[in-house]
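Chemist: These are the residues of each chain, in order.
There are 4 protein chains.
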Amino acid sequence: MSVRAGVLGATGAVGQRLVQLLDPHPEFEITALTASESSAGQSYREAAKWRIDSPIPADVAEMTVTETTPEAVSDNLDIIFSSLPSGVGRDVEPAFCEAGYVVSSNSSNHRTASDIPLTVPEVNPSHLDLIEVQRDERGWDGALVKNPNCSTITMVPPLAAVEEEFGLDRVTVATLQAVSGAGYDGVSSMEIIDNAIPHIGGEENKMESESRKLLGEFDGAEVQWHDARVEASCNRIPTLDGHLENVWVDTVDETNADDIIEAMETYPSAELHSSPDDLIHVFDDAKRPQPRLDRTREDGMTVTAGGVQETDGGVQFNCLAHNTLRGAAGASVLNGELLAKQGYL
Amino acid sequence: MSVRAGVLGATGAVGQRLVQLLDPHPEFEITALTASESSAGQSYREAAKWRIDSPIPADVAEMTVTETTPEAVSDNLDIIFSSLPSGVGRDVEPAFCEAGYVVSSNSSNHRTASDIPLTVPEVNPSHLDLIEVQRDERGWDGALVKNPNCSTITMVPPLAAVEEEFGLDRVTVATLQAVSGAGYDGVSSMEIIDNAIPHIGGEENKMESESRKLLGEFDGAEVQWHDARVEASCNRIPTLDGHLENVWVDTVDETNADDIIEAMETYPSAELHSSPDDLIHVFDDAKRPQPRLDRTREDGMTVTAGGVQETDGGVQFNCLAHNTLRGAAGASVLNGELLAKQGYL
Amino acid sequence: MSVRAGVLGATGAVGQRLVQLLDPHPEFEITALTASESSAGQSYREAAKWRIDSPIPADVAEMTVTETTPEAVSDNLDIIFSSLPSGVGRDVEPAFCEAGYVVSSNSSNHRTASDIPLTVPEVNPSHLDLIEVQRDERGWDGALVKNPNCSTITMVPPLAAVEEEFGLDRVTVATLQAVSGAGYDGVSSMEIIDNAIPHIGGEENKMESESRKLLGEFDGAEVQWHDARVEASCNRIPTLDGHLENVWVDTVDETNADDIIEAMETYPSAELHSSPDDLIHVFDDAKRPQPRLDRTREDGMTVTAGGVQETDGGVQFNCLAHNTLRGAAGASVLNGELLAKQGYL
Amino acid sequence: MSVRAGVLGATGAVGQRLVQLLDPHPEFEITALTASESSAGQSYREAAKWRIDSPIPADVAEMTVTETTPEAVSDNLDIIFSSLPSGVGRDVEPAFCEAGYVVSSNSSNHRTASDIPLTVPEVNPSHLDLIEVQRDERGWDGALVKNPNCSTITMVPPLAAVEEEFGLDRVTVATLQAVSGAGYDGVSSMEIIDNAIPHIGGEENKMESESRKLLGEFDGAEVQWHDARVEASCNRIPTLDGHLENVWVDTVDETNADDIIEAMETYPSAELHSSPDDLIHVFDDAKRPQPRLDRTREDGMTVTAGGVQETDGGVQFNCLAHNTLRGAAGASVLNGELLAKQGYL
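Residue numbers (UniProt numbering), protein chains in the order written: chain S, 1 to 345; chain C, 1 to 345; chain U, 1 to 345; chain F, 1 to 345.
Don't take every hint at face value.
A short list of chain F residues far from chain C (calculated; beta carbon distances all over 10 angstroms) [unchecked claim]: (1) Pro-70; (2) Asp-91; (3) Gln-224; (4) Leu-272; (5) Ala-286; (6) Asp-312; (7) Tyr-344.
List of simulated lysine-lysine pairs, DSS-like, C-alpha gap at most 30 angstroms [unchecked claim]: (8) S:Lys-287 / F:Lys-49; (9) U:Lys-49 / S:Lys-206; (10) C:Lys-341 / C:Lys-287.
Here are some, though not all, of the chain C residues that point toward chain U, as calculated from beta-carbon distances under 7 angstroms [claimed, not checked]: (11) Asp-53; (12) Asp-194; (13) Leu-293.
Since the hints were made in silico from the structure, they are not lab data. These numbers come from a predicted model, not from an experiment. Think of the CB as a built atom: it goes at the ideal place given N, C-alpha and C, for glycine as much as any other residue.
Using the sequences provided together with the hints, build the complete structure.
Modeler: And the structure:
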């Protein structure tokens, strides 16, 4: 029997990707779509101005969009996926949890709160058990689970592979991020054509804190953040989709390029519908990965890496992931699949 | 009286910039233009297919292009500027030096040879004295002086400012480089539109070695390379001009952002025609510098910086320079001005 | 003595170009800057977030921005330049005229009204005399003069040259328009990277009606619109500045390419400060004009043309102009210069 | 039983698309791949430097590339698809026909020869019978069939729909063409970023002649070209794939937008594997079609149209097709399917 799913913020860049992923999904069925007050009452077709390069799913197109409140959506929902703007989601998502809903959210609020699981199912599924702590503390029947920022997700699987075998001491990362990460109207064409912007507000901090929480240990009561030093510099460039990252790691143990590549290639994926066969694909060719060529590998859920080289005391590599699939909508759907598998729905 | 200048490789991307800079230059006068054999005998207008967004200088347009050999150019030359492809220049430039010419070259060959000065006039003018060593060893009447790679020049002035005040221990740099750095046909549109390429062949090595030579000490006999650890990762992105770089520095002495900014802002420029008033301009705004907005500051000769932040043990900043002006043609012209000032012409 | 000028809507894409042009202008002096209510009271530096690739003029940067009402600006103004959004300008501009101000406006409202002069000084300066009709009808002490839409201005000078010699029967035009024509936030990067949009709301109609008014005859009482059939199709493409247009003309008289080229090249410019030496520059090379190479010719005030070919019954050509200079801010400044010359200030 | 297919020029932009389409094709099986002499003997993986954003087909990747001569390929071939550069194909393709091969070619040579069928299977399948004339005249056992240029294919289906119902008198078309139409290295990034080029050598003539041949009548002996006047202006813009075209038609009979839309929407597709369900899809939204959103509709084989408006004496509309799928590789495969169906293989 299929799981009935609602999508909060269904008309935005990530919301449309959620609809694209959930519509053909074998486990989920879209039964509610919300957007801002001004869109409520419209058909999804009208409200969304569909901007993905495959046609809008025919059945979803005619659904009526409602306001984003627990009262406005129908009761018959087993899970809610949220891609609300962070400021909007901050109060709305807890309101849904209090009303008894399980929420898998891509919204950046609450990600580093001590009782909110921040999970990438292939990397730290055990953190999901924080839900028990959360319910105790907040008295919720529902639950709130977060996936990290798109730029964080891109580097975390390869870092987890390195951590497991050789330990992480210091991580330095420069990102080349696609415009879709800022939403449909987030970056104007006059800002970015023939240009690059060397700062994305709040992004550096998110990469530093979220990656340390994700790579931390959950001891049954709280997550002990990883103590690696993480420094990020985030750039916006004129690409549509796919975040590319240059990463330097100082490892705890000595290592070499071959062992790092093997650690990445053998790092296990998860047994979930949306997990790729290869969580990390490593290219031999130093000119790969490239956003346009590699972002859709395995439906955009594989993290690709390349240019792996040993350095004095560590390793340098590049990695890439599709920011609105692996890095946002796909990440939320994966968390939904994990929630279903572990019996939370 | 003006200095008579020849340009080797005058039809390429950097060669056209050399012509653009030298034509109105108060000290130099273009008296010879060379290109590949197939262009010899054509007017510069025909051979160059001028691609800069200001009209081709009218007088230069009608000059006849010659082959790139000491025999083919007229004797009446005081200095030669070379922007030959590296492989072509490797033997041709020394042949001109042997024939008695002083050559200011942007070509990447010989840059790290022990008797070839690699100079940025505002940073290490004293290295020019290597010419004496060079003449002793090679028996040349002429001389060969190099400017560094465009990606190296971009970061060296701010690094020199940090080095002088606080010392450099470790430098990590990620570049976002414009397509003009690869020449007119170096990057096809299908490679780079909606894309980025995380590797530029040889560029990482150039940044690591050239910056250490530039920041080294010349002791009268040789240059003692700076012993900082330098690691680079070089990316090509869809911008036309202007290389943007994210730099992390571990300093020898403790420092803070304000002191670093002051060191950069007060780092002296040179008293040469093409040197800018401010060698380094530091922005308050973390979103600057940006290639399109900042690459032409002071005729494209200023290095702009921004996002200066202290880190645990050092500093992080971004910097930018126009890669074919400050980073190539302008760098060669500056070396020519320094050669003239120090009496080598 | 300089003419004191105010700029309405000074923070937008065209407003910043007006400031860039007026600041060094020998006849005008900026003495007032207005913007929307939310910016009033801020310095221009704060309010404008200057986005042109030359530094913000230092003196203008510290001026205080006021609201856009006749009451809010100082009395000491001789002329007002307006680049207000059309909807805002519709009522505000007449209010300034009623308060006695002479307004040179780029805003698209009122352009086809029978008593409002729509002028390109090199093409139809005599239409300025409509001001007498306007003052009679509206009882204004001030006056309102318009320049046409950027896409119209681009083709009107070459069309005027053809009209004068051979007559216009039918004009078909396809445009390739730059994103700056829609203002700083008018086209999002996700809409236009690796894309093109085959429609610009209202633009086709503007080209059809404005060009017929501009090319019409003013008989002392009204403008008899030209009766040529004009059909336009307007496309947005991923260029920053410069509108390129493909034009087909059926002429009244027989003609040929050489005569058309001569008509264009000899079409006179005006004796105004901002008029270029060559109003129309015609390239031999069929691959020109190109936006990036040709948009800044003569400070962006020349219209460039190329690909002139005779057809059965007419001629086909391409033309290009800088849409925010020749096509907007420069057009308004030119009208201001014409108003000054003809004694209206 | 599957048809054994060879691909001439398999490493180029269209050649790679042919491999992408033929590898999973239910009727064809790739059994030979050719390229230039320098690639002969390499694996296809090495020679092709695969640049499509889906992985290289695993089995094809290890095939050995041969030279492009009838002697070099194996005898066991039922059909040959050619995407050779025009100059290379001019002599090579007839050599294959003389050696007995049936060649479906995308190469632009010979397209307007009187005995060479130029076919779009959904539009003029009867022209294929020219093969009999061809064999008589040339004494070939093989045969040579051409598909038109990518820019021609884009407009021909909607023109055929208009022709059938209302007749064509005059066609004026402006194109906005993607860079992939020029091959992988055809347009350098410095030529096209922030730019457009208003001329593509030979393209205007191809559109004018090929469309008239395609829309002509085959009377059993020769094709009577359609006598409509066709005028084209071809522009290159910074998009990767998908040619967008603005078309004006003067029709023979009076018409209106609704009837034109109906004629387009009901124009039949063909019963061939690669023909789309809807040959022409017409959008209501005047802002569509757009290259990035619409080029892959029905695997890139549908022609999309929009902005249909009646004019005085005709109609204006926009249309779009994927230039390397519908416009090149897919067009050749379709002709192959038609050849198979009609018993020529």
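Chemist: Hint by hint, note whether the structure agrees.
Modeler: For each hint, the structure was consulted:
Its beta-carbon lying about 31 angstroms from the closest one in chain C, F:Pro-70 satisfies the requirement of being farther than 10 angstroms from that chain. Once the 10 angstroms rule is applied to beta carbons, F:Asp-91 is consistent with being away from chain C; the minimum gap is 26 angstroms. With 10 angstroms as the threshold on Cβ separation, the claim that F:Gln-224 sits away from chain C holds: the shortest Cβ distance comes to roughly 39 angstroms. Against the 10 angstroms criterion, F:Leu-272 stays outside the reach of chain C, whose nearest CB is about 29 angstroms from its own CB.
F:Ala-286, annotated as away from the interface, keeps every beta carbon of chain C farther than 10 angstroms; the closest lies near 25 angstroms. Every CB of chain C lies more than 10 angstroms from the CB of F:Asp-312, the least distance being 39 angstroms, so the non-interface label holds. For F:Tyr-344, the shortest C-beta to C-beta distance to chain C comes to about 34 angstroms, beyond the 10 angstroms cut-off, and the non-interface label holds. Restraint check for S:Lys-287 and F:Lys-49: satisfied, since their Cα atoms lie roughly 12 angstroms apart, inside the 30 angstroms limit.
Between U:Lys-49 and S:Lys-206, the direct Cα distance comes to roughly 26 angstroms. Compliance with the 30 angstroms bound is thereby established for this hinted pair. Restraint check for C:Lys-341 and C:Lys-287: not satisfied, since their Cα atoms lie roughly 38 angstroms apart, outside the 30 angstroms limit. For C:Asp-53, the suggested interface contact is upheld, since its CB lies about 5 angstroms from the closest CB of chain U, less than 7 angstroms. Look at C:Asp-194: its Cβ gets to within about 5 angstroms of chain U, closer than 7 angstroms, so that hint holds up.
Given hint, C:Leu-293 at the interface with chain U, holds; its Cβ is 5 angstroms from that chain's nearest Cβ, closer than 7 angstroms.
In summary, the one numbered hint that this structure violates is 10.
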